[in-house]
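The residues making up each chain are set out below.
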Amino acid sequence: MIINPVAGLGGRVGLKGSDGAEIQHQALELGGRSESFERTLQALRKLSQISDSLELFTYPGEMGEAAVREAGLNPVVLGAIQTGYTTPEDTVRAAEDMAARQVDLILFAGGDGTARNIYSAIGQSIPVLGIPAGVKMHSGVYAVNPEAAGQAIVQFLTNTLSETRETEVMDLDEEAYRQGRVSARLYGYMQVPANRKCIQNVKVRSQSESATLMGISQDVVNNMEPNRIYIIGPGTTTRSIMERLGLDNTLIGVDVVRNGELVASDASERRLWELIKDQPATVIVTAIGGQGHIFGRGNQQLSPRILKQLGRENIQIVATKDKLLAIPGKTLLVDTGDSQLNQSLSGFTKVVTGFMESTMCRVSA
Amino acid sequence: MEKVQLREFHQARWNEPVIMEMGTPGERGILVPQAEAAVKSEVGDGVSVLGKVRRKSRPALPEVNQALVNRHYIRLSQENMGADNTLGISQGTCTLKYSPKVQEHVVSRHPGLAGVHPLQSEESMQGILKIYYETEQIMKEIGGMDRVSFLPASGGHAIYSNAQIISAYHKANGNSHKNEIITTLHSHPVDAAATSILGYRVITLMPDEKTGLPSLEEFKAALSDKTAGIFITNPEDTGIYNDQIDEFTKAAHDVGALCAYDQANANALLGIARAREAGFDLMHFNLHKTFSSPHGGGGPGCGALGCIEELAPYLPKPTVEFDGSKYRVDYDREQSIGHIKAFLGNFPVVVRAYMWCRTLGAEGLKQAAVISVLNNQYMTDEILEKVPGVSLHYSPEVRRMEQTRLSFDKLFEKTGGLGIDAVNARLVDYGISELWQSHHPYTVPEPFTPEPCDSYNKEDIDYYVEALKTVANECLENPEMVAQAPYKASRHVPNHVMGESFEVVASTWRQYVRRFKK
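Chains W and D, in that order, are what the protein sequence lines are. full-length UniProt numbering applies: residue 1 is where the first sequence begins, and numbers increase by one. full-length UniProt numbering applies: residue 1 is where the second sequence begins, and numbers increase by one.
The following block holds chain W by itself, in its conformation from the complex:
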């Protein structure tokens, strides 16, 4: 159990986030209060029913120990911190220490920044679950609320059929956001319990995601034309296409394929431009889970000039129906940085959602 004690500090006082010591200091002066302690307690209370069989590691004081003891649980406390002044490095170290103990799951309370820190420490090696306590929560690692986090953990730890799935670790550029610009980045993917009821979106229930991805990738590959260039955007949905082709892929980058062979890996905007300048080409992208961006988030390599060159008819969108349903308003978003292009990409479009199966979706700027 890791708590980021400063998570959520900036939210109530309108600072959009709490990254950086200066902002935290400013937030405290403005009367900001940490959200994470209370929220963690709400989640941990759900664990009382399995406390006998639970071995719980945490970090000292406000980074977990206090809340865990308050919830009536008996933790093993690792590491050391400077009370009253915790840093992202503490979060990273805590996650590393827990990974070294080979824990089954890391539960943390925080926001996107915290998720990012934990991701940088453990990657996909250990399943995680976030108690939502931050200001920004674009990542898909969070339970719908603290109680649901507790519920999901009990199920995950007691259920013999526990499975995990990958979900996005996203974060906004806070500095840009404070200046009124929304710019989010896809940092990677972490494993969360495959409990769609308690995690991130209540609307979606367990469905066979791997089977759906098999269908989507088969459909896309069946329709690939010889000598055409295919730019495969980031994400796990598009990765399934690369896997079906038997090719290595860049999970958060852009790869290029032609005639079933890898032409470029993690290609830059310039490289893409050179490749498609005078060639027939199609770009295959997916939407970012929970928010719906198809361009402008996590795939900035696909610049306005590239999208213009390709044309709307050469943009193929792939996504599971579950993902589309979890997007607010079921509307896909484009934010290419070119408002005219955004407009031209808007309207209804077909999204490949399975083998021989598409779903109509609205695209909006």
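Treat the hints with care, since some could be wrong.
[As the list claims (entries may be wrong)] The calculated lysine-lysine pairs, modelled on BS3-like cross-linking and capped at a C-alpha distance of 27 Å, are:
1) Lys226(D) <-> Lys350(W)
2) Lys220(D) <-> Lys350(W)
3) Lys330(W) <-> Lys226(D)
4) Lys469(D) <-> Lys46(W)
5) Lys488(D) <-> Lys330(W)
6) Lys488(D) <-> Lys46(W)
7) Lys469(D) <-> Lys350(W)
If you're looking for bench data, these hints aren't it; they were derived computationally from the structure.
On the provided structure of chain W, position chain D as indicated by the hints.
Showing chain D alone in chain W's frame:
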């Protein structure tokens, strides 16, 4: 109003193994008599004629005596919550409705019906063919169609048959480029699944966030010269009726597509609205639900597939024809999509539908529809008013038809995780079968879709609402107790097995033995 008293309920609970685990080697129920000498001289021992077809080893049947088999199945039936001893209101999206017992008596005891053999001569089956023919006339009138076939086993099979007819029609007209089918997310998922088997690319329309219905604009964006047909359920499974449906069918006809109406939720429409006036070319009713047959998990299904004159040549064969004096079975249909069911299909279901329609008459059918809608509206209002933690997504101001998709989302949020699964587990303690939730994909959180049909009276609905209210209050006041439910039922709460977990699922006994009993 008098307070509703919940009844004391306790389900039978037997520590009952599966039948395959019962018995003693050598034990048996009956001894099949040896063939008589006269028979033997004609056909031999009846076994050696099988030749190579004969199985090499005995079938792996349990060796049990008759009494044990009898006890076993009676016990299982006591552990069930069958249609006859529970309120079926929970079982929405199935329009499971009233099935008078007198019909069972006729179907199973009347010698002319119970003793009939499909290979009898037409002359000896005139009465039965008359029932088919007249039931067809009734269904034609209710759906506004020109011909009706009772061969599809309804549901997915009927949709598949509809798609076959569409395919045959386009093929005959040289429209080989038409390879797309459009459906909506809130139609039955089988509309998409069954049509895709024929090789169609299925395009699904998303519901509008506010109305829950697909927008006409979205539909038009999906239509093209490639569109072969549309498959739509209306009212959709949310209970919301698309009153622009005629504009949808018109737009589809404009691109040369055919329109098929999945009337799985037809309870609200009998005698009030017809498929034809809404512009549909094909449709099917589920006779075993809308027309009075018990809907027994997987059967006996029977659909009434209706179509316009232009599509009649493609109907499955045989059809029943009448020349004014004699009925006959017509197998000689060149353009037919062919045989889709043995002989005349599921005959007892047709008889039940015939009896039900003849008993009620045109006015009665309409009344059944009106009562369905009234019951549903009353139930929905009562639930929303009295049961805590329930909300109605998509156009809460719009009246639902014969069922309503409600949501326990607020209960889930307030209790931090007690939603439909918890309510389901606890509801059986009050003698009510589980809530039908929703078809995939789940567009409403923590969904449940009750449907009172015309089968239940006000007291039944009040009892049902009271049980729901009691359970929801228990979730709020005593969550720990509800989390351990049920207490008075034979069932327990199973692990949720994800679709991915094929390796831990056994769908047959043989598979179970192979995987887990090595």
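Hint check results:
1. Lys226(D) <-> Lys350(W): Judged against 27 Å, a Cα distance of about 14 Å means the pair holds.
2. Lys220(D) <-> Lys350(W): holds, 12 Å
3. Lys330(W) <-> Lys226(D): Cα-Cα ~25 Å, so holds.
4. Lys469(D) <-> Lys46(W): holds, 24 Å
5. Lys488(D) <-> Lys330(W): Roughly 42 Å between the alpha carbons, so the hint for Lys488(D) and Lys330(W) is violated.
6. Lys488(D) <-> Lys46(W): holds, 25 Å
7. Lys469(D) <-> Lys350(W): With a Cα-Cα distance of about 42 Å, the restraint between Lys469(D) and Lys350(W) is violated, given a limit of 27 Å.
Checked against the numbered hints listed earlier, the structure breaks hints 5 and 7; every other hint is satisfied.
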